[in-house]
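Asks: Sequence:
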Amino acid sequence: MTKIFLATAGYAIIVFPLALGWHVGLFKPMYEEFGYFVGEPNVPVGLLTIIIQGFALALIYPHFHTGSSGLTRAFQFSGLAGLFYWTSHVLALVAKQNVPNASNFIFLETGYLAIQFGLFALLLGIIYREAE
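For reference, each letter of the sequence shown is one residue, going 2 to 133 in the numbering used here.
Hints are supplied without guarantee of correctness; some may be wrong.
Computed beta-carbon distance windows for the label pairs [stated by the list, open to error]:
| hint | residue 1 | residue 2 | range |
| --- | --- | --- | --- |
| 1 | Asn102 | Val44 | 42 to 52 Å |
| 2 | Ser89 | Val44 | 34 to 44 Å |
| 3 | Gln77 | Glu34 | 11 to 21 Å |
| 4 | Ala96 | Ile52 | 21 to 31 Å |
| 5 | Ser70 | Val44 | 30 to 40 Å |
| 6 | Leu123 | Gly68 | 17 to 27 Å |
| 7 | Phe6 | Leu84 | 38 to 48 Å |
| 8 | Leu92 | Asn43 | 37 to 47 Å |
| 9 | Ile14 | Ala115 | 38 to 48 Å |
| 10 | Thr50 | Thr3 | 16 to 26 Å |
Please keep in mind that the hints were generated in silico from the structure rather than gathered at the bench.
Treat the numbers as computed from the prediction; the structure is a model and nothing was measured.
Think of the CB as a built atom: it goes at the ideal place given N, C-alpha and C, for glycine as much as any other residue.
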């Protein structure tokens, strides 16, 4: 249970500041142009969402077996989770609404998610290194 808590907390510690800094800081004007925000972002709900995502991923990871171990397994899991998230978050938004400059949105969000899930893979590799 400790590793699940660490993975959940670590995910939140990685993703929350990254999401704020990326979407509401560095690239806020671009995301407003994309129509990503309607009004101001709800930061507490965003944090809760990230905690729930982290908890779900932390629960699934111990059951993910590919024959690999260590960082390889962590990157395989995180890559698969990131791909799922990318399709349901990035491509779905472009499919549901007219996103101005959709190719730039896809490029920017792909970079963001690569960082997010790459850092999460490193975290999982560290948390589970002695268990494998």
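Asks: Now look at each hint and say whether the structure bears it out.
Replies: Status of the hints after comparison with the structure:
1. Asn102 <-> Val44: 42 to 52 Å: violated (26 Å)
2. Ser89 <-> Val44: 34 to 44 Å: 22 Å Cβ-Cβ, so the 34 to 44 Å window is violated.
3. Gln77 <-> Glu34: 11 to 21 Å: Violated, at about 35 Å.
4. Ala96 <-> Ile52: 21 to 31 Å: About 27 Å separates the Cβ atoms of Ala96 and Ile52, which means 21 to 31 Å holds.
5. Ser70 <-> Val44: 30 to 40 Å: Taking Cβ atoms as reference, Ser70 and Val44 lie about 37 Å apart, which means the hint holds.
6. Leu123 <-> Gly68: 17 to 27 Å: holds (21 Å)
7. Phe6 <-> Leu84: 38 to 48 Å: violated (26 Å)
8. Leu92 <-> Asn43: 37 to 47 Å: Given a distance of about 23 Å, which is not inside 37 to 47 Å, the answer is violated.
9. Ile14 <-> Ala115: 38 to 48 Å: At roughly 18 Å between Cβ atoms, Ala115 and Ile14 fall outside 38 to 48 Å, so the hint is violated.
10. Thr50 <-> Thr3: 16 to 26 Å: Since Thr50 and Thr3 have Cβ atoms about 24 Å apart, the given range 16 to 26 Å holds.
In summary, the numbered hints that this structure violates are 1, 2, 3, 7, 8 and 9.
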